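Participant: Chain by chain, the residues run as shown.
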Amino acid sequence: MEAAPSSSSTSTSTSSGGSVTFYDFLDRMRNPASLDLVRSIKSFIVSFSFYTPNPDNDGKKVQDFYLSMEAAIMEHPLWAAATFEELDSAMEGLEKYVMTKLFSRTFASVPEDAKIDREVSEKICLLQTFLKPEHLDIPAVLHNEASWLLAEKELQKINTFKAPREKLLCIMNCCRVINNLLLNASMSENHALAGLDDFLPVLIYVTIKANPPQLHSNLKFIQLYRRQAKLVSEAAYYFTNLVSAKTFIVDLNGKSLSMDEIKFEESMQAARLTQTNRATQIETSPTLQGQTDPTPTRMHDKEKDTSGGSNYPYMDAEAGELTVGDVERLLSLYKDVVTKYTSLYKVVRHLSISKTETPVPHSEGTSFLLTQPEGTNTKIDHQKGN
Amino acid sequence: MGCSSSLPDRSSGQLAGLNSENGGVSDAKNLRVKLVLLGDSGVGKSCIVLRFVRGQFDPTSKVTVGASFLSQTIALQDSTTVKFEIWDTAGQERYAALAPLYYRGAAVAVVVYDITSPESFAKAQYWVKELQKHGNPDIVMALVGNKADLNEKREVPVQDGIDYAEKNGMFFIETSAKTADNINQLFEEIAKRLPRPASS
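If you're matching them up, the sequences are chains A and B in order.
Numbering (the numbering used here) for the first sequence: 33 to 418.
Numbering (the numbering used here) for the second sequence: 1422 to 1621.
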């Protein structure tokens, strides 16, 4: 379904290639010789279901597990002659595997995080209605809608991936687009490079335009679950910049911008009113015909999809994958579906269309199934798998 | 902590092999340090770094040229190397509260001012105080008076810089990113002052 985010070859710390690495890891795990490793992984994943989520503890547990597995893999006969790159690939595969399995248990797993996500997203929605590049003193030479849009798209991809490495890559790619913009400006327009003084305002502006989904939870997830040895150097720097942009947005007030403070308050108030009005309209007239936007409160939400499946993104979801943060979206989709269904029913009531189906829920955890971000299921099974 | 702050606590000798390339591990011969640049916007922080990174010619090192993150390795006379990972910060006032996100875990802080601007010197002192309060206690700090080529417009006397640095246990140097004066000396001097991990 989704390809792993591409990483440029110049990247120093995030470049070991996506899926190939991962399939190699799965292959090795199917080898009977790795039964001991598979057992450790399995029991680690199962052990998580015994406790209620506690992000800081969970992060430490996972990091400790990475390190103990790293030691085990280095001593393992299957990797006896492995190069540094191969060992590193194995660890990348392990991270992706473990975190994909534990995703619903570890991502936005406590209500506080879902609340912060909502608050950040709502504040960004308000800011989107009036914020201009000038308010952040972005010099005219860096005004480039095409580059900004490209950077936004990279950031918006963050929820398409479950593995911390791939989420981090979305951030890196967004930052690379901005860096290219700065470098081009410095070469063609003779704009003196001003380092982060140029970069950060553009990143903040792009973040506001993009309103990336669950920004807070995504950052926290990467921080806690990306292998610590990999969240260093350039990756750590650009990651820190997005944390910085988020912090700036959360704390943003009339004094943070090059804008009259009273005007700022008025604009925020106006944006709030517009939003409340829109929300009320939708609530009071649920049978509105032609209501096509399932998420009216998200101003910047996603490109218009034409295929039915992507209008209803939870079609392939399983109960265990849902988080509290999904409730708002689900409810809105539910209302949308009911509205459409009701209209449809009125028109074609002479036909019997009330066929119902009772879906059989799959219980996760009974089989060692891997849900990959690519959307295919791979089974690690020693009885059949080799 | 010092430069060893970039060492993950858990890495044992056995794991060093896997971590040494991309991870936060340094050994006695090859240090890897996080250096954070602080100072008002317009004092030339980025220019100093660009001059340092581009001025060094080392055919074996792959220089990452980004706009605000740069790294450069220098070789010292005792055949050790130091790889600086240089973190720029935003100088505008509205971003001041974000600085701790950047200097957390840094082994070196280079605080830059412009010798033609007393305001930037005051701002430099503000950063020094903030680092003393909230920074890594073993951080190596350097105070840099940049734009030394503009001596005729000087408003901050050399002696003021020397005195302030001495009082605060910092290394002091005046540089010119424009003429490259003292740029390499700045980084070499920092490299010499770094605490070394116990040699194995």
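Keep in mind that the hints are not guaranteed to be accurate.
Derived list of chain A stretches under chain B, where covered just means 3 residues or more per stretch with a C-beta under 8 Å from a C-beta of chain B [to be verified]:
| # | stretch |
| --- | --- |
| 1 | 126 to 136 |
| 2 | 276 to 285 |
Output of the computed footprint for chain A on chain B, the stretches with three or more beta carbons under 8 Å from beta carbons of chain A [said to hold, decoys possible]:
| # | stretch |
| --- | --- |
| 3 | 1519 to 1528 |
| 4 | 1534 to 1548 |
Here are the simulated DSSO-like pairs of lysine-lysine, each with C-alpha atoms no more than 30 Å apart in a straight line [what the hints assert, rightly or not]:
| # | chain 1 | residue 1 | chain 2 | residue 2 |
| --- | --- | --- | --- | --- |
| 5 | A | K278 | A | K92 |
| 6 | A | K287 | B | K1599 |
| 7 | B | K1574 | B | K1504 |
| 8 | A | K92 | B | K1554 |
| 9 | A | K92 | B | K1504 |
Since the hints were made in silico from the structure, they are not lab data.
Nothing here was measured: the structure is a model prediction, and the numbers come from that model.
Glycine included, C-beta positions come from ideal geometry on N, C-alpha and C.
Participant: All hints, please: hold or fail.
Facilitator: Results for each hint:
no.: 1; hint: 126 to 136; in the structure: violated (count 0)
no.: 2; hint: 276 to 285; in the structure: holds (count 4)
no.: 3; hint: 1519 to 1528; in the structure: holds (count 3)
no.: 4; hint: 1534 to 1548; in the structure: violated (count 0)
no.: 5; hint: K278(A) to K92(A); in the structure: holds, 24 Å
no.: 6; hint: K287(A) to K1599(B); in the structure: violated, 35 Å
no.: 7; hint: K1574(B) to K1504(B); in the structure: violated, 35 Å
no.: 8; hint: K92(A) to K1554(B); in the structure: holds, 28 Å
no.: 9; hint: K92(A) to K1504(B); in the structure: holds, 29 Å
Against the hints set out earlier in the document, violations occur for numbers 1, 4, 6, 7.
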